Each structure stands twice: as structure tokens, then as C-alpha cells.
Amino acid sequence: MIELLEGFVTELRQAGLPVSLTETVDAAGALHHIPFEDREAFKYALGATLVKNQAHWKAFETVFEVFFARTGHRVGSDGQETDDLAAAAQARARARIAGMQEEAVGGGGEPMTPEEIAAMLRRALMGGDEEWTRALAQIAVSRFAGMEPGRPVGGVYYLYRTLRNLNLDALLEEMIAAEEEQAPGGLTPLERRLVHDELAQRIDALRKEIEAEIRRRLVADRGSEALARSLRKPLPEEIDFMHANRDELAQLRRAIQPLSRKLAVRLARRRRHLRRGALDFRSTIRHSLSYGGVPAEPRFRKPRPNKPEIVVLADISGSVASFARFTLHLVYALNGQFSRIRSFVFVDGVDEVTHLLEGSDDIGEAVHRVNTEADVVWVDGHSDYGHVFEAFYERWGQEMTAKTSVIILGDARNNYHASNAWVLKELRKHVRHLYWLDPEPRTYWDTGDSIVGAYANHCDGVFECRNMRQLERFVDYLA
Amino acid sequence: MSRFDTPSSVVDRLRGVTYLADESIGSAVFLADRLSKPVLVEGPAGTGKTQLAKSVAEALGARLIRLQCYEGLDEAKALYEWNYKKQLLRIQAQRVAEEGKPSAAPGGEGSTFSWSELEEDIFGEEFLLTRPLLEAIRATDPVVLLIDEVDRVEIETEALLLEVLSDYQVSIPELGTVTANQIPLVFLTSNNTRELSEALKRRCLYLYIDYPDLEREKEIILARVEGISGELADQVGRIVRALRTLELKKHPSVSETLDWARSLVLAGIDSVDPETATSTFNVLLKYRSDIEKAQKELALVGDE
Numbered sequence: 064m065i066e067l068l069e070g071f072v073t074e075l076r077q078a079g080l081p082v083s084l085t086e087t088v089d090a091a092g093a094l095h096h097i098p099f100e101d102r103e104a105f106k107y108a109l110g111a112t113l114v115k116n117q118a119h120w121k122a123f124e125t126v127f128e129v130f131f132a133r134t135g136h137r138v139g140s141d142g143q144e145t146d147d148l149a150a151a152a153q154a155r156a157r158a159r160i161a162g163m164q165e166e167a168v169g170g171g172g173e174p175m176t177p178e179e180i181a182a183m184l185r186r187a188l189m190g191g192d193e194e195w196t197r198a199l200a201q202i203a204v205s206r207f208a209g210m211e212p213g214r215p216v217g218g219v220y221y222l223y224r225t226l227r228n229l230n231l232d233a234l235l236e237e238m239i240a241a242e243e244e245q246a247p248g249g250l251t252p253l254e255r256r257l258v259h260d261e262l263a264q265r266i267d268a269l270r271k272e273i274e275a276e277i278r279r280r281l282v283a284d285r286g287s288e289a290l291a292r293s294l295r296k297p298l299p300e301e302i303d304f305m306h307a308n309r310d311e312l313a314q315l316r317r318a319i320q321p322l323s324r325k326l327a328v329r330l331a332r333r334r335r336h337l338r339r340g341a342l343d344f345r346s347t348i349r350h351s352l353s354y355g356g357v358p359a360e361p362r363f364r365k366p367r368p369n370k371p372e373i374v375v376l377a378d379i380s381g382s383v384a385s386f387a388r389f390t391l392h393l394v395y396a397l398n399g400q401f402s403r404i405r406s407f408v409f410v411d412g413v414d415e416v417t418h419l420l421e422g423s424d425d426i427g428e429a430v431h432r433v434n435t436e437a438d439v440v441w442v443d444g445h446s447d448y449g450h451v452f453e454a455f456y457e458r459w460g461q462e463m464t465a466k467t468s469v470i471i472l473g474d475a476r477n478n479y480h481a482s483n484a485w486v487l488k489e490l491r492k493h494v495r496h497l498y499w500l501d502p503e504p505r506t507y508w509d510t511g512d513s514i515v516g517a518y519a520n521h522c523d524g525v526f527e528c529r530n531m532r533q534l535e536r537f538v539d540y541l542a
Numbered sequence: 007m008s009r010f011d012t013p014s015s016v017v018d019r020l021r022g023v024t025y026l027a028d029e030s031i032g033s034a035v036f037l038a039d040r041l042s043k044p045v046l047v048e049g050p051a052g053t054g055k056t057q058l059a060k061s062v063a064e065a066l067g068a069r070l071i072r073l074q075c076y077e078g079l080d081e082a083k084a085l086y087e088w089n090y091k092k093q094l095l096r097i098q099a100q101r102v103a104e105e106g107k108p109s110a111a112p113g114g115e116g117s118t119f120s121w122s123e124l125e126e127d128i129f130g131e132e133f134l135l136t137r138p139l140l141e142a143i144r145a146t147d148p149v150v151l152l153i154d155e156v157d158r159v160e161i162e163t164e165a166l167l168l169e170v171l172s173d174y175q176v177s178i179p180e181l182g183t184v185t186a187n188q189i190p191l192v193f194l195t196s197n198n199t200r201e202l203s204e205a206l207k208r209r210c211l212y213l214y215i216d217y218p219d220l221e222r223e224k225e226i227i228l229a230r231v232e233g234i235s236g237e238l239a240d241q242v243g244r245i246v247r248a249l250r251t252l253e254l255k256k257h258p259s260v261s262e263t264l265d266w267a268r269s270l271v272l273a274g275i276d277s278v279d280p281e282t283a284t285s286t287f288n289v290l291l292k293y294r295s296d297i298e299k300a301q302k303e304l305a306l307v308g309d310e
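Quick mapping for you: the protein sequence lines, in order, are chains A and B.
Using the working numbering, you'd call the opening residue of the first sequence number 64 and step up by one each time.
Using the working numbering, you'd call the opening residue of the second sequence number 7 and step up by one each time.
Check the hints yourself; a few may be wrong.
Restricting the straight-line Cα-Cα distance to at most 27 Å, the calculated cross-link-like pairs of lysine-lysine (DSS-like) are [what the hints assert, rightly or not]:
1) B:Lys207 with A:Lys325
2) B:Lys224 with A:Lys121
3) A:Lys466 with A:Lys325
4) A:Lys325 with B:Lys255
5) A:Lys492 with A:Lys466
6) B:Lys255 with B:Lys299
7) B:Lys224 with B:Lys256
8) B:Lys224 with A:Lys271
Read the hints as simulated data drawn from the structure, not as lab findings.
All figures in this text were calculated on a predicted structure; none of them were measured in a lab.
Sequences are here, hints too, so could you generate the full structure?
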């Protein structure tokens with residue numbers, strides 16, 4: 064048992080979860096008290112003792128599922144029983160499907176056509192029949208995924224193939240239409256929305272079921288550690304901005320709200336606790352009179368909150384757009400920490416968007432407006448940092464003061480245009496700080512058309528900012 | 007001394023006091039009892055974190071001792087404090103008694119007034135004001151200790167909790183170490199406004215309470231709102247779930263859902279239509295912009 068736990072903890076650590084020794088000991092202690100046959104309780108016991116951060120829960124679940132399927136560890140005899148029960152239910156569902164199939168095609172052993180599977184799936188989903196849905200998910204996987212033993216392809220590939228064949232979006236539309244027909248007198252908009260949510264959730268459950276089924280089969284096929292590695296998902300704070308897929312972007316969006324709140328609280332606190340200013344010489348001397356001229360009680364000036372004025376200059380061309388978006392989001396969430404924030408966006412032209420971002424409550428929507436309304440294309444819509452800097456300096460250079468910190472967001476992939484690095488050199492003379500955040504890994508800098516190096520000479524700091532953790536560190540440093 | 011037999015018995019007994027727990031909650035509370043460890047409960051506001059501690063206390067028939075955390079919380083408010091007014095009075099009374107006796111000058115030879123005696127006297131139990139943490143440790147009756155919103159204290163103050171949470175003891179320099187007569191169940195809640203220190207997290211079991219799924223929320227509504235029909239509960243649950251999928255400033259919490267359901271029942275409404283939803287959304291959502299967005303998204307107003 065202990066060995067098993069050790070293996071599991073090692074696996075968790077490899078997935079990036081911080082698990083300490085005491086926590087492992089706790090988990091071992093917890094397992095003494097948990098009835099082994101209860102798989103769920105087993106999972107929650109490990110979760111409660113090993114995972115201390117909600118954002119890590121998903122990673123934990125994946126590791127748990129793969130690890131305990133992989134070692135083939137059957138927990139207790141009752142566990143076997145429940146498995147049997149589930150198997151029986153599956154068999155029943157399958158028998159039902161087989162029965163229907165016979166009805167449909169009038170006997171014969173030929174496999175179901177995609178249309179038949181879709182039709183059955185629709186009935187199962189609309190009835191909310193979980194057992195049936197699960198059986199159909201299995202059938203869909205064996206029918207569509209085309210899994211071949213030993214083929215070194217990730218689960219994502221099979222998932223994609225299965226889903227493409229099922230065409231779940233169309234299925235959802237159909238089901239809603241069917242619901243509408245059934246309802247006497249049609250659906251009110253509110254009802255339609257609720258029906259939509261319900262069905263969308265069931266489809267989501269189906270998708271998860273298919274994913275799990277593929278994973279189970281992969282485990283059965285390869286049963287190797289390689290699989291665990293390929294399924295390892297990055298933790299939300301380590302998701303790469305530039306390569307995030309849709310799911311991960313959604314995760315990031317959810318993560319940024321609590322993160323910005325946390326940062327704001329932390330910074331505000333730090334500011335409040337920095338009580339001391341510089342030594343107030345006059346006051347110290349004056350007070351020393353009561354000690355006979357000995358400056359026994361040094362007096363300090365009241366600290367003046369030193370709030371920087373921030374100017375963000377963000378590249379919003381395709382490759383780095385999501386990075387710019389998250390950074391703007393974070394900077395605006397912290398606007399209490401800065402005396403003023405101005406933001407500019409560019410591709411090969413540059414435009415000020417402060418007014419779009421300022422008045423809005425919903426930064427997500429504002430960023431969308433930035434993307435549609437700002438005038439950022441000058442010639443061809445390919446990044447041209449050199450021209451942008453020149454245009455920026457010409458138009459707004461006068462407004463940059465010694466209180467301003469300028470942050471430039473971008474990968475400095477200049478499409479082989481002129482760098483015009485002299486602009487930054489000039490700019491730096493006027494402003495307090497000039498920082499550059501690059502969402503590319505440091506090893507890619509100055510390769511291809513990237514010219515970070517040329518600009519870096521004129522910046523106070525160039526930071527690699529690939530994920531939330533690095534971004535958080537920078538903002539913390541800035542404020 | 008175990009209070010619960012299995013994780014599912016936790017769930018059952020909590021159900022007895024109309025707290026509908028799911029399996030993760032059951033496991034965490036069960037383990038907290040068996041391993042004698044505190045539980046750190048995190049989750050969005052209004053999902054029943056504090057209520058969990060209250061309900062566990064109720065289910066066990068234990069006394070709930072609550073420590074509400076805030077910035078600036080210190081030892082004197084969390085652990086113990088010497089009742090110095092009473093101590094002063096005690097010294098004064100002694101002096102008056104001394105002066106009444108003609109033979110001895112205060113502090114002089116032959117006086118009954120001896121410093122060490124007095125010290126022993128004024129630093130006795132009688133002059134100790136117990137605060138929640140010490141009270142929970144010294145209690146002889148069954149207690150549940152709730153440390154609410156622990157993320158509000160400064161990171162330095164957290165350290166103050168560590169001794170209590172890991173060893174269930176409090177060191178008082180003048181009295182020595184007070185160890186617990188019995189190990190209380192401890193719940194810490196956090197709204198996650200900041201990252202808690204590793205040291206604190208390590209000492210706790212972790213439980214995250216998220217918004218309940220539709221089925222559980224419906225059950226909660228049925229259990230907690232009197233006189234609500236199953237149909238209305240279902241509808242309320244669905245609308246709230248739809249709202250939680252939107253990007254709002256603040257999502258409706260379970261307690262707000264319950265408030266909304268109650269107000270619908272009080273108003274004698276048995277089915278939510280767009281008009282009633284529009285007029286009562288202010289119970290559920292607390293920002294103007296959220297209400298407008300919800301109405302637009304749920305197609306309560308607008309083109310149709």
C-alpha cells in the first residue's frame with residue numbers, strides 16, 4: 064500500500080503538484096481510516112491530504128484516474144462488485160441498443176450507420192438516460208475513433224476523430240428544435256435558454272465520457288508510463304499564453320479574476336505597512352532638545368505613496384493577442400495601484416485605447432471592442448515594431464514624463480522591417496522605466512525575425528512572460 | 007473518541023440537520039475526525055463554508071466556538087489576555103488590607119505582602135480572560151472550533167494559529183502550556199483573497215466547496231425553503247445554473263438562491279416567467295451591470 068502511495072505521489076510531483084513529505088504521511092494515515100472498497104472516498108481522502116489548491120484538482124484527478132487504472136489496483140471485493148454492477152448495467156444498455164438496432168434494420172449483424180448512432184444518441188440524451196449514453200459513448204469510440212493497438216498517437220487525435228463524426232453541435236440544434244416541437248405553444252425565450260443549458264450540459268457529459276473511454280482504452284492498450292506523461296496537463300498557472308487551446312484559454316480567464324484580486328490585496332497591504340519614509344532631519348533635531356540635544360528619537364517623514372503612471376503598449380497581432388489580452392486584464396484589475404493607466408495597441412499602426420478600457424466594467428468586452436475599433440493597421444497588418452515606435456514617439460512622446468513607466472508587450476517579431484531602436488533610446492531618457500515583456504521562451508529570442516536583442520539594450524528590463532506565474536511575478540515587481 | 011463511523015455516516019447525519027453534503031465534504035469531515043486534523047475549507051462566497059461548521063456542531067450536539075478573523079487580529083483577541091483591571095484591583099485591595107494592619111509597613115519586614123506570592127496570585131486562572139482558541143482547547147464539553155475567513159489576517163498572524171492547529175496546545179509564559187482535554191474538530195474557512203502560507207496549509211486537510219450541481223442545489227432548495235414546489239425548485243435551480251455560466255462580477259451564491267426561492271414563495275409565484283424574473287433578480291444579483299447582462303443573456307428583455 065505504502066509503495067503504491069509513493070508511486071502515486073511521485074507521479075503527482077512529476078505533474079507539477081507540490082506534495083510535501085508530511086502530506087504524504089497524512090495521506091498514508093488517512094488511508095487507514097477509509098474503507099478501501101469505496102473508490103470515491105479513497106480518491107477524496109487522497110485529495111484532501113495531498114492537494115491544497117483548487118486549481119490543481121483537475122490535474123490530480125487525471126493522475127488518479129490513469130495511475131489507479133494503470134496499476135490495475137482493484138480496491139477490495141466490494142469494489143469488484145460495484146464494477147460488476149456497472150458492467151451489468153452496461154450489458155443491459157447494450158442489449159437494449161442491440162434490440163433497437165434489430166428493430167431498425169430488421170436483424171442482420173451489420174454495424175450501425177452513423178445516422179443510426181446519432182439518432183439513438185439523440186434519444187438517449189433527450190431522455191437523460193445516463194446508462195444508455197455511456198454505452199453509446201463506448202460504441203461511438205469503437206466505431207469512429209479507429210484506434211489501433213500500439214499506434215503512437217495521443218488521445219486528442221482519437222477524441223477529435225470521434226467528435227467530428229458525431230457532430231455534436233448539430234445534434235444540439237436538432238434536440239432543441241425537437242424540444243420546441245414537443246412543447247405546447249412553443250417555448251418562451253427563457254425556457255429555450257434553460258432547455259439549451261440542460262442539453263448542452265448532457266452533451267458535455269457525453270464528451271467527457273468519450274474522453275474517459277478513450278483514456279481507458281489507451282491505458283489498456285499501452286499501460287505504460289508514457290501514457291501518463293502524454294496525458295499530463297499543465298497547471299493553470301503554467302499554461303503557455305501563446306499555445307493555449309480554447310479550453311485552456313477558458314481556464315486562464317477563470318484564473319485571472321482571483322489572481323488579480325489576490326495581487327491587489329497583497330499590494331495594498333504592502334503599501335499600508337510601509338510606514339516609514341525618509342529621515343526627517345529638522346524634526347529629529349527639534350525633538351532632540353527635550354533629551355538635551357541627543358537625537359534619541361529619530362523622526363521620519365510620512366511616506367508619500369509612490370504610484371507609478373503606467374503606459375502599456377501592446378502588440379495585438381494574431382500570434383500574441385491572447386498574451387496582450389491577459390496582461391491588459393491584469394494591469395486594469397490593479398488600477399488602484401497606479402496613478403494612471405494609458406494603453407495603446409498596435410500591429411503595424413498604433414492607436415490609443417485608454418478610453419475604451421477605462422469606462423468599461425467588463426474588461427473582456429472592452430478588449431473585444433479594442434480588437435474591432437482600434438485603428439492599428441497601417442499597411443498590411445503584419446507587425447512592424449519599428450514604424451509603430453516611431454509613430455508612437457512622434458504623436459505621444461511629449462506626454463511621457465519622468466513619472467511614467469512604459470511596458471511594451473510583444474514578441475518583437477518584426478517581419479524583417481527596420482528596428483528603429485533609437486526611438487526606445489530616446490524614449491527611455493524621458494520616462495522612469497521601460498520594460499519589455501516577451502511571451503516567447505527565452506531560447507527563441509533573436510531567432511528568425513525576432514529582434515528583442517536590439518531593443519533590449521535600451522530597456523530597463525526584458526522579461527520572459529510565458530505564463531500566469533511569470534506575469535504575476537512581474538506585476539508584483541512593478542507595483 | 008471517534009465521532010463518525012464512515013464518510014457516508016457524516017453525510018447522513020448532516021442531512022439530519024438539513025445540510026446536504028456531498029461525498030467530498032463527508033470524506034473531509036470524517037478524516038478530520040479520525041486524523042485529528044483541522045479542515046481548511048475554501049470556495050466561492052456563499053456556498054455554505056461557515057454553515058458546514060455550524061451544521062457539524064449541531065449534528066454532534068457540540069458547542070460552536072467561533073473566531074472571526076480580521077486584519078489586526080492579535081494574541082489578545084485570539085488566544086488569551088490578562089484581565090489587568092482586575093489585577094490592579096487585586097493589588098489595590100491587598101494594599102488596603104495592609105494599611106489596615108497597624109504593625110507592618112507595606113513591603114517591609116514581617117509583611118504578609120510578598121512579591122512572589124502576589125505574582126503567583128495575580129497571574130492565576132482567575133485573572134485569565136480566555137479567547138476563542140484557548141477556550142476551545144480548555145473546553146471539557148464537546149466543541150467545534152470555527153476560524154472564519156482566515157485569509158483576512160496578515161501572514162504573520164497566521165503563525166499564531168500554528169501551535170493550536172498542530173499540537174492543540176497554547177503556551178502561556180506565566181502558566182505553562184495548556185494542552186487540550188479533548189481534541190476539538192476545527193474548521194478554517196477562506197475566501198481565497200490571498201494565498202495562505204504553506205505552513206498553515208500543510209497542517210490542514212483541504213476541502214473545496216464549489217457551487218453544487220443542479221440535483222444537489224434542487225435538494226438544498228427543497229430542504230431549506232418551506233412550502234416550495236418541486237417544479238419551482240427545479241426552475242430556480244436551472245436559472246441559477248444558467249446565471250453561473252455567464253461572466254458576471256459576482257455569481258449568485260447558494261444563500262442568495264435560497265433567498266430568491268423564499269421570496270418567490272412568499273410572493274405566491276409558482277412558475278418563473280420573464281416578468282417575475284426581471285422584477286426579482288435584485289435578490290440574486292448585486293450589481294446593476296450583472297442584472298442587465300443577465301436579462302439580456304437569458305432573453306428576458308429585448309428583441310422577442
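Check whether the Cα positions of B:Lys224 and A:Lys121 lie no farther apart than 27 Å. holds (25 Å)
Pair hint A:Lys325 and B:Lys255, alpha-carbon separation not exceeding 27 Å: This hinted pair holds, its Cα atoms lying about 15 Å apart.
Given hint A:Lys271 paired with B:Lys224 - CA-CA distance at most 27 Å: This hinted pair holds, its Cα atoms lying about 23 Å apart.
Quick one, are B:Lys255 and B:Lys299 close enough, alpha carbons at most 27 Å? Status holds; Cα separation ~10 Å.
27 Å Cα cutoff - pair A:Lys492, A:Lys466: holds (12 Å)
Verify the proposed pairing of B:Lys207 with A:Lys325, using a straight-line Cα cut of 27 Å. holds (17 Å)
Holds or violated: are the alpha carbons of B:Lys224 and B:Lys256 at most 27 Å from each other? holds (21 Å)
Pairwise hint evaluation, A:Lys325 against A:Lys466, where the allowed Cα distance is 27 Å at most: holds (26 Å)
In this structure, every one of the numbered hints holds.
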